[in-house]
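S.K.: Chain order of the listed sequences is P and W. When you read off a place in the first sequence, starting at 1, and then add 28, the result is the number in the working numbering. When you read off a place in the second sequence, starting at 1, and then add 212, the result is the number in the working numbering.
Among the hints, erroneous ones may be present.
Taking lysine to any residue and the SDA-like style, the derived pairs with C-alpha atoms no more than 25 Å apart in a straight line are [what the hints assert, rightly or not]: (1) P:K141 to W:T287; (2) W:K372 to W:S428; (3) W:K236 to W:K372; (4) P:K141 to W:L289; (5) W:K385 to W:R226; (6) P:K141 to W:R475; (7) W:K372 to W:S451; (8) P:K141 to W:N302; (9) P:K141 to W:E328; (10) W:K401 to W:L387; (11) P:K141 to W:D231; (12) W:K526 to W:G486; (13) W:K372 to P:F227; (14) W:K526 to W:V554; (15) W:K372 to W:H399; (16) P:K141 to W:V234; (17) W:K496 to W:S468; (18) W:K236 to P:R237; (19) W:K496 to W:R422; (20) P:K141 to W:T229; (21) W:K236 to P:P142; (22) W:K496 to W:G479; (23) W:K401 to W:D421; (24) P:K141 to W:Q290; (25) W:K372 to W:S468; (26) P:K141 to W:Q301; (27) P:K141 to W:Y232; (28) W:K372 to P:P238; (29) W:K401 to W:A334; (30) W:K526 to W:Q484; (31) W:K372 to P:R237; (32) P:K141 to W:G479; (33) P:K141 to W:T262; (34) P:K141 to W:E341; (35) P:K141 to W:G233; (36) W:K236 to P:T144; (37) W:K385 to W:L339.
Under 8 Å between C-beta atoms, here's a sample of chain W residues computed to sit facing chain P [as the list claims (entries may be wrong)]: (38) H292; (39) I296; (40) G325.
Calculated directly from the structure, the hints in this document are not laboratory data. Note that CB positions come from ideal geometry on N, CA and C, so glycine has one too.
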Amino acid sequence: MSATINSFQQRIDRADNAAELARAGRREQWGLVALVLPAAAFVVALMVIPLVWLFWQSITDQSGALTLMNYVRIFTEEGTLATFQRTFVASLMVTAICVVLGYPVAFLAAVSKPRTATIIMVLVLIPFWTSVLVRTYAWLVLLQRTGLVNQFLTWAGVVEAPLALVHNLTGSVIGMVHIMLPFVILTLYSSLTQIPADFGRAAASLGARPGRVFRTVIFPLSLPGLVAGSVFVFVLSLGFYITPELLGGGRTVMVSMLVQRNIDLYFQFGSASAVAFVLLAATLLILWLADRVVPLGKILADR
Amino acid sequence: MTRSRAGFDTVSIRALTKDYGVTKALDGVSLDVREGEFVSLLGPSGSGKTTLLNILGGFDRPTSGQVFFGSTDVTLLQPHLRDIGMVFQNYALFPHMTVEGNIAYPLRARNVGSAEIARRVADALTLVELAGYQTRRIGQLSGGQKQRVALARALVFDPKLILLDEPLSALDKQLRESMQIELRQLHAKLGATMIYVTHDQREALTMSDRIAVMRSGRIEQLGTPTELYNFPRNDFVASFVGESTLVPLQRSDGGSVSLGTSRLRTGRPVPQDGPIALAVHAEKLILDSPGEGEDWNRFDGSVSDVIYQGESVKISVRLDDGASVGLRQHCHHRSMSSLPQVGSRVKVALHVEDTILVPCDAESVPQAHAA
Numbered sequence: 029m030s031a032t033i034n035s036f037q038q039r040i041d042r043a044d045n046a047a048e049l050a051r052a053g054r055r056e057q058w059g060l061v062a063l064v065l066p067a068a069a070f071v072v073a074l075m076v077i078p079l080v081w082l083f084w085q086s087i088t089d090q091s092g093a094l095t096l097m098n099y100v101r102i103f104t105e106e107g108t109l110a111t112f113q114r115t116f117v118a119s120l121m122v123t124a125i126c127v128v129l130g131y132p133v134a135f136l137a138a139v140s141k142p143r144t145a146t147i148i149m150v151l152v153l154i155p156f157w158t159s160v161l162v163r164t165y166a167w168l169v170l171l172q173r174t175g176l177v178n179q180f181l182t183w184a185g186v187v188e189a190p191l192a193l194v195h196n197l198t199g200s201v202i203g204m205v206h207i208m209l210p211f212v213i214l215t216l217y218s219s220l221t222q223i224p225a226d227f228g229r230a231a232a233s234l235g236a237r238p239g240r241v242f243r244t245v246i247f248p249l250s251l252p253g254l255v256a257g258s259v260f261v262f263v264l265s266l267g268f269y270i271t272p273e274l275l276g277g278g279r280t281v282m283v284s285m286l287v288q289r290n291i292d293l294y295f296q297f298g299s300a301s302a303v304a305f306v307l308l309a310a311t312l313l314i315l316w317l318a319d320r321v322v323p324l325g326k327i328l329a330d331r
Numbered sequence: 213m214t215r216s217r218a219g220f221d222t223v224s225i226r227a228l229t230k231d232y233g234v235t236k237a238l239d240g241v242s243l244d245v246r247e248g249e250f251v252s253l254l255g256p257s258g259s260g261k262t263t264l265l266n267i268l269g270g271f272d273r274p275t276s277g278q279v280f281f282g283s284t285d286v287t288l289l290q291p292h293l294r295d296i297g298m299v300f301q302n303y304a305l306f307p308h309m310t311v312e313g314n315i316a317y318p319l320r321a322r323n324v325g326s327a328e329i330a331r332r333v334a335d336a337l338t339l340v341e342l343a344g345y346q347t348r349r350i351g352q353l354s355g356g357q358k359q360r361v362a363l364a365r366a367l368v369f370d371p372k373l374i375l376l377d378e379p380l381s382a383l384d385k386q387l388r389e390s391m392q393i394e395l396r397q398l399h400a401k402l403g404a405t406m407i408y409v410t411h412d413q414r415e416a417l418t419m420s421d422r423i424a425v426m427r428s429g430r431i432e433q434l435g436t437p438t439e440l441y442n443f444p445r446n447d448f449v450a451s452f453v454g455e456s457t458l459v460p461l462q463r464s465d466g467g468s469v470s471l472g473t474s475r476l477r478t479g480r481p482v483p484q485d486g487p488i489a490l491a492v493h494a495e496k497l498i499l500d501s502p503g504e505g506e507d508w509n510r511f512d513g514s515v516s517d518v519i520y521q522g523e524s525v526k527i528s529v530r531l532d533d534g535a536s537v538g539l540r541q542h543c544h545h546r547s548m549s550s551l552p553q554v555g556s557r558v559k560v561a562l563h564v565e566d567t568i569l570v571p572c573d574a575e576s577v578p579q580a581h582a583a
């Protein structure tokens, strides 16, 4: 009798199903890996391979020999550097204007009742459903010398002669702001709605007037969304092509047009690839810097 | 050290109503809170207790009615001008500030000097037993510590009134019970008026000077814990406060009341009209033993369940008249050695002074405070 109990006890102490349990765990992990595979294959085929190929093109000349000529040209030719500078300035302007215009809209939507918030967000999103090309041509019509905007301004007596609103940097920026605005509003809205309503109430109950509540509580807590939206818009603006090409009228050349001209006009795949690569590197650098300046992870973790 | 607060005697709530479309979140609530009193608003979710607190805090505007602090009508006063300390259910501590930043917040909003701020923050932290925690980040604190910081923030600026919205509900049971005692002691020390929202009747009984039991936007009963527990005004209060079973009763001629066939005796007043019920507190009901005296109502029944809960045993008894009642017995050798089996026949006894009769269906009973 006691021998039976002893052997039973041993079986419980050292159960022999450990290997089986470990196998089950591994099967589960491989199952998860299998779920990621299609997406991973997609990324490799459409991102990694083309990028490697692009990079190869940028460091070889037409005969196929290795060369750094394409990169040297970017950093020595005055026009190319000026184009990079212009692109960064324009992108910064677009980002700043988007934030200034977008924050109040996102804030209004975040503090509105659900019904009103939905209406606001639908209005923000409607332009998304129209082609960028159509919207850009519409701006061309609106902003030209005899366009609606100039007609109104001269009629109202604000200006004497029509303003040059298009075929220059102004036109590019106006068009880009219009396209980019929803991105800022959406990210800000999502970050503002994540701030519990009790935070505002708590601050008010503690004696802070509405302006102070916003400055000390709401705005700091919306920073992750603000930075994310700004970086998003800035990076998208850096590589934007159609809108600045059409509204800039060929006079304000941006980096993306440099790529296009290198290929269309000069058939220089190498230098086009190099320009694209410098832009990519600059973008990654900016993302990294943004993450260092505003520790997004830390703010989010403390929530 | 009770501080005197000139010009601020009470909070007076006068006939408050709040409509959300067709539903009435508040339906004519009037309540006077004395200076230094601890009053709990007790009720199930949707009873209007949080709406009432939000109106007191100034975050919500009533549909009609007034709120007075002392003799001042504050119904339309902005929240930041009300000088109320408020503790929120999920603390609402600002995650981007340190403990000190949070507690100093109300002082900075009042332009207090920085030396004074440092001193008062340290004092407040000592009061909630978190001395030296100034530089901690909110994310590093445990639930109980967050609760204390929220409390320190709400009282550091010496508010006239402190509102607490289920502040302990996110804590586990043991911590909650020790915080209840601490809050009580803190209240005695500060002498501030506190209004406390909870759905936990035990918490309300433990902490309050007076409790307002709320249902469907109305105050069903206002009274001290002893009054509420022993003299519930209707079946709702009786069932919400304490561990009690309601057993419907029959009226017979001559004003007497009976449960099934057995006539009930009670040392208490019998409600005048309408259906009535017997409210049986589980701890008042005992398994009958022959030695007990004559002042007991006795019922026959059979045991349907026996649940051992450590310090006590809960015994469900199905009475022969069909009603089911719960009975709670403390565990000690004598009670445990004579524990009945499931299915066995028992006689249970209820003292006539514990025989609480309440009117049923309070909805149909006209309320004195209804507007």
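S.K.: Any hints this thing doesn't respect? Which numbers, in order?
M.R.: Violated hints (numbers, rising): 2, 3, 5, 6, 7, 9, 12, 18, 25, 30, 32, 34, 40; every other hint is consistent with the structure.
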